[in-house]
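8 protein chains.
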Amino acid sequence: MIIQPNSKLLMIGDSITDCGRARPVGDMWPKGALGDGYVGFVAALLDARYPAHNFRVFNMGINGNTVMDLKARWQTDVLDLKPDWLSICIGINDVWLQFARPQMTEKHIRLDVYTRILDELVTETKPMLRGLILMSPYYIEPNRSEPVRAIMDTYGTAVRQIAEKHQAIFVDTQAVFDALLTQTHSSAFAWDRVHSNQAGHMALVRAFLQSVGYEWE
Amino acid sequence: MIIQPNSKLLMIGDSITDCGRARPVGDMWPKGALGDGYVGFVAALLDARYPAHNFRVFNMGINGNTVMDLKARWQTDVLDLKPDWLSICIGINDVWLQFARPQMTEKHIRLDVYTRILDELVTETKPMLRGLILMSPYYIEPNRSEPVRAIMDTYGTAVRQIAEKHQAIFVDTQAVFDALLTQTHSSAFAWDRVHSNQAGHMALVRAFLQSVGYEWE
Amino acid sequence: MIIQPNSKLLMIGDSITDCGRARPVGDMWPKGALGDGYVGFVAALLDARYPAHNFRVFNMGINGNTVMDLKARWQTDVLDLKPDWLSICIGINDVWLQFARPQMTEKHIRLDVYTRILDELVTETKPMLRGLILMSPYYIEPNRSEPVRAIMDTYGTAVRQIAEKHQAIFVDTQAVFDALLTQTHSSAFAWDRVHSNQAGHMALVRAFLQSVGYEWE
Amino acid sequence: MIIQPNSKLLMIGDSITDCGRARPVGDMWPKGALGDGYVGFVAALLDARYPAHNFRVFNMGINGNTVMDLKARWQTDVLDLKPDWLSICIGINDVWLQFARPQMTEKHIRLDVYTRILDELVTETKPMLRGLILMSPYYIEPNRSEPVRAIMDTYGTAVRQIAEKHQAIFVDTQAVFDALLTQTHSSAFAWDRVHSNQAGHMALVRAFLQSVGYEWE
Amino acid sequence: MIIQPNSKLLMIGDSITDCGRARPVGDMWPKGALGDGYVGFVAALLDARYPAHNFRVFNMGINGNTVMDLKARWQTDVLDLKPDWLSICIGINDVWLQFARPQMTEKHIRLDVYTRILDELVTETKPMLRGLILMSPYYIEPNRSEPVRAIMDTYGTAVRQIAEKHQAIFVDTQAVFDALLTQTHSSAFAWDRVHSNQAGHMALVRAFLQSVGYEWE
Amino acid sequence: MIIQPNSKLLMIGDSITDCGRARPVGDMWPKGALGDGYVGFVAALLDARYPAHNFRVFNMGINGNTVMDLKARWQTDVLDLKPDWLSICIGINDVWLQFARPQMTEKHIRLDVYTRILDELVTETKPMLRGLILMSPYYIEPNRSEPVRAIMDTYGTAVRQIAEKHQAIFVDTQAVFDALLTQTHSSAFAWDRVHSNQAGHMALVRAFLQSVGYEWE
Amino acid sequence: MIIQPNSKLLMIGDSITDCGRARPVGDMWPKGALGDGYVGFVAALLDARYPAHNFRVFNMGINGNTVMDLKARWQTDVLDLKPDWLSICIGINDVWLQFARPQMTEKHIRLDVYTRILDELVTETKPMLRGLILMSPYYIEPNRSEPVRAIMDTYGTAVRQIAEKHQAIFVDTQAVFDALLTQTHSSAFAWDRVHSNQAGHMALVRAFLQSVGYEWE
Amino acid sequence: MIIQPNSKLLMIGDSITDCGRARPVGDMWPKGALGDGYVGFVAALLDARYPAHNFRVFNMGINGNTVMDLKARWQTDVLDLKPDWLSICIGINDVWLQFARPQMTEKHIRLDVYTRILDELVTETKPMLRGLILMSPYYIEPNRSEPVRAIMDTYGTAVRQIAEKHQAIFVDTQAVFDALLTQTHSSAFAWDRVHSNQAGHMALVRAFLQSVGYEWE
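Chains as they are written, first to last, in this note's numbering: chain A, 1 to 217; chain B, 218 to 434; chain C, 435 to 651; chain D, 652 to 868; chain E, 869 to 1085; chain F, 1086 to 1302; chain G, 1303 to 1519; chain H, 1520 to 1736.
You can take every hint at face value.
Mimicking DSS-like on lysine-lysine, the simulated pairs with C-alpha atoms at most 25 Å apart in a straight line are:
| # | chain 1 | residue 1 | chain 2 | residue 2 |
| --- | --- | --- | --- | --- |
| 1 | B | K288 | B | K343 |
| 2 | A | K107 | D | K733 |
| 3 | H | K1590 | H | K1645 |
| 4 | G | K1333 | A | K31 |
| 5 | C | K442 | E | K975 |
| 6 | F | K1211 | F | K1250 |
| 7 | D | K682 | B | K248 |
If we take Cβ atoms under 10 Å as the criterion, some of the chain F residues that face chain H in the derived model are:
| # | residue |
| --- | --- |
| 8 | A1185 |
| 9 | R1186 |
| 10 | P1187 |
| 11 | Q1188 |
| 12 | T1190 |
| 13 | K1192 |
Calculated from the structure, these hints are not laboratory results. Only a predicted model underlies this, so the values are computations on that prediction, with no experimental measurement involved. In this text, a Cβ means the ideal position worked out from N, Cα and C, and glycines have one as well.
Isolated chain A, as found in the complex (with noise of 0.2 Å):
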């Protein structure tokens, strides 16, 4: 596995991520403060395996965010938390508001908006880490041609050219969540195609530990 002891691992994003974490930080104090989805899992799973390591987990995540809130609050959720490793899962409000909420276009994140600032946040960040993990946007359905999957995988490519170019690891949720998808309906993971229940955070849980080496099949 491949992060460090004693490494600090902060995860942020939006809803998928927040899960009624602690304010102002997520921190493994008291229980619970991690939340309920996979950023507490990951925490957990870390802890049962590596007991001895001291992973230090901050969950930054705040539901309804776009990359241009994570960008707002950087300094203070990010920077000054002084993280080892870093996770970013963001993005599917920044499409998902385009089609729900057509008249709040104040939150409409384009795709060359959306590139550019995540593009920003990790060339800032990614040399004061020791890993990066960029989790790309998704929606859960499985016709590639609805209108929102349609755009969704838009913005998940430009994650995945993100973290190329930087040397990042890159996680595609929206593969974890396609290959459930041949076997089930979207409804028996998630009520509305994006927050899934407990079976769908495992399922991102293992495919994030699977991308730092924690080996599980």
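Using the hints, position chains B, C, D, E, F, G and H against chain A.
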């Protein structure tokens, strides 16, 4: 993985199992009804890995229960739900209350009674099951001569023997925590040497799933 | 408008109908007892347009109900209240749970059972009514080959056929949403393709009222 | 319908407008943020009828406000939000408090002051709007010589005159309720002759929407 | 003052009487059990003026009651408590609901029924009492041709006649409010012309106490 | 009655005055803002008897206050509100805390300090008032040699002397309770000899209103 | 200390005993189930001093109880729990309500009735006990001619005589408070001369424990 | 007893001290402000035994504090309150967090730092005190080679040495619990070997009071 598709898996026990599950039955609906302990994680990981297998998981744990309490509610809480697979994790309160509430003698279940009752429940139920999993009680304390640990080990041995007698699967939860305790102090997992954090629950999950052939290093 | 002055209109169904109505009976008192969905809006628009007609509206929807649940409470929740007009909007859970909770098979109401039970309820009740309105179930998804939509359409067809057989009024709610979906994405109306916002409910209201001769462009 | 696609419609007023809207801004998100009075219904009906028009509706009503209170928050609550269309419904408290709290003279806004302030607000704001709708205050009392009604009518006349002077749309809410009162008693709509139930709000909605060309018999 | 020392005074009625009294019996203990309306004030003034007389006051009002509701609970709520003195204040809902909920005809108590039931209750109970006080219903509206007021006056007349027939004390509550309305608008006392503020209750208290010989200018 | 129409009456004091009044100002709106003690009853009785006089009553009592606390908030809580009439009821805590919290010496206001501060407040404020009412502190204990009562009487005497010096109205609240105590035990009025029930407050109300010429036997 | 190891000590009484204990039985689990008055302190001090003695303490006090209330629940609340030791502290309400609620005569337990009932309970129960402790009622008032105190003393004498007759241990709680009152005012211990603060409870604890041979200066 | 009459005793520490005390200052008012741990019991026992001594006790404990946290709030929470006597009970978190949260290194206070800071606080404060009491940290575990216990003992030794150096009173809390542990298991006193029940607190109270000459066997 040996649990058959479309199986009903019922998991019963004390507070380690309960973890805030819904009443009167902890079922797969609504969200959170399986609690936030090992039961919910087992269900989520099974669904994430075998999404087409349609497992039905019931959490029937109740805080503070001894094996005598299980017996009292066995008909409604186990038999009436007609599980295909059953897991039992009981005994911690049977032992712990002998030390923590020495004057509440009506709650002390001595080893012979514990063994007899558990054996009766297994004998009665095994014929109608496809699979049975017996989990030992545990005490998150590395010193085997510590009084609670010493007694708990005798109860764990009893569970192992009942499992062997009935050819049930045995999950040695004490061994799970003993492995962790070689690397870290009990207080990193459990404030009180009994109720562990999510990391401890994940360690239980791994042992549980490995016991039914879910491959996980 | 064909609903006679002083009529009692009872509207029954699932969560689309319920919308927080009062228990045990959603009546015209106190404020809010009819819920904040299409039922309350229908009652309010009828009163606003025909203030001297003294309509009595009952909301008897219950979240999560299938047609089997309606049958179980038909005596107390419909017959005992002696409605003059009755509307039924049921079937979404009958279909949706087949996809969202594949393991909860006791809640899956297959098409033949659905058709039979609904027909029985209509057959039993029609003679004592002045008017009967059958509303189709719907799925707010434009792709007719999407699995839930595809099955839902067969249930909608069954409702239409039962309406025709019994000369009941038929409200094609799926057509209402299909018209909206030609112009906007489902997420602008409903987070989960089922529970719409007030705009979706207003579209239902218009279709419902038009079906009883309330003139509205 | 004369409100242009993609318009922002801001609706300001007192408790008739407020109806539990979100603070600090009643926007289109989250659910319920526009309150459960005429504003939310107007927004829902516009969306249901013109789903591709992407209207943005803001509810900026505050319980108990007089025109003097509107003036005090005009910059932040109207101008800063840059509406394309604006509706104002104010005056009920300006009159009512003269009768209900005769000793709270600082809250009594006499007709000349009311007229002057409202005219100033309209004069200042009209140039930056695509459309302006002035709604009269009302008292749900059919007897025109009843003291509150008699005074309220003079304020309604002032609103009509300001609308004419500035070529704004005028909605005669008093006429809306007068029509209802020919057929039923005020208590069927409003406990207190001011705060009507959903039926009264729907009557306001119809008048409002008709005034902007939404065709509705 | 004609109420004898050590008397039990039971006061029954609708929301005017209830005012938040304790359930199932509004007794003299705990603090606040008599509610914050005229009943509590009567009890307090009696105790303040006649501290050695040991009056026992019961508040048995229930919101929304008509005379039919009183009849249904007369055994448990009046007879079983064995009062020495009894006051009845009923009729407002009997009338008001005819206007406010015209479709809820089962709650409309027409004058003949009202008169008959009230007379029956008085006939049954008078022999076991030391004193009986009948309070008229009222509507805080000065215009005697207003529809609710006009009907309410006929009920008030019925109460007066029953009082005369049975030689009971009559409290003309309508006259109490009529006197106030010569000097101020109804909205200064009651938002809805029924539920008055503390000032209105104090006016009732004065009339009530004067009727039993408590001297008060 | 000597309080002039349209007067503002501000009543200040400790918990006897406070009784749950609204913050920051106990005004005539909303319902209950004057608390449920003697202040609210005075306001209600004044309105009931003189409905056209438009009295404005402010309750500015604060639980636990001593005269030193009044001094600290005199500008904002009295002078800024520009009362026409002022009543002060202070001193119970000044005395009581000397006995109940002997170690909290910073809260003990000795007689000389009490007298000086109260005199200063009166001297400063009297010129801007139409009327001033000084209410003595009291202890609901008939035995004048009881230690708290004995000291309280000296504070009451100080209030009387200040009233005489400044020609203010004096309300002898101790005499009010002494009269009651000739007929009943203190526990019938006040659990703790300080905080009386509504009957005790009504006795205060009568004394207060009689002092300003409200005729009441 | 004369309470034998492994004894069950049941303590019954009124609000002095209750102090927020758990329902239906105040047992040693969960934390706080014994309330925060003298019962909990007695149990804690016994455990702290005799940790190996495994005392079981039950708190069965109920607020407001008189000896008549104890009698009504004696079977379920005392006999069924099979105590080895029993303490009874009753009588304060029997006396106090005669003064505080003179009109609630059904709650007044006169001395002869009090004595007879308490004697009956003791007679019935003594044979099955290892030890019985009778605590006198008290009134925290130093003046023995004060009316409540004077009557309370007669009840205390009755308890002493019953204790002597049955050779039970007698705890003179009135003497405990009399000793304190020689040095400080009652208000330093008890707002209302009945419900003392923790200091008063500790004084009761010391007297109670001394009575059973727990040595404490 | 060596604490002088009229002394202020300030007790500071971590969660053992805090126990729900009031914020910002745990003072003698209102009821419960001193928390329900050893501080409140000490204050109550002092008052019960020395009612005329007028002790003032402050509880300034804060959950989770280390000696570094005490230092940060020493000015406001100790010096500004001008105590005559001071007790300090700190160190449990300084040690425990090294084991329970190995990755939160910023909260680990090593022995040398602990000793230095505590010595500085004592050096600074001792001159202004009449008496100083240093309480050792403890771990309710009888096995002296258990890792937390072993380290905790070194901190306890440091406290003893600082006490000797400054001639402060030393309370050996570890010895208090060691005595209990010879007779019963730690779980009978403390779920987690740190936070004891009332019995454990009473044992602390006895040791504390004995250290200041309160005679208690």
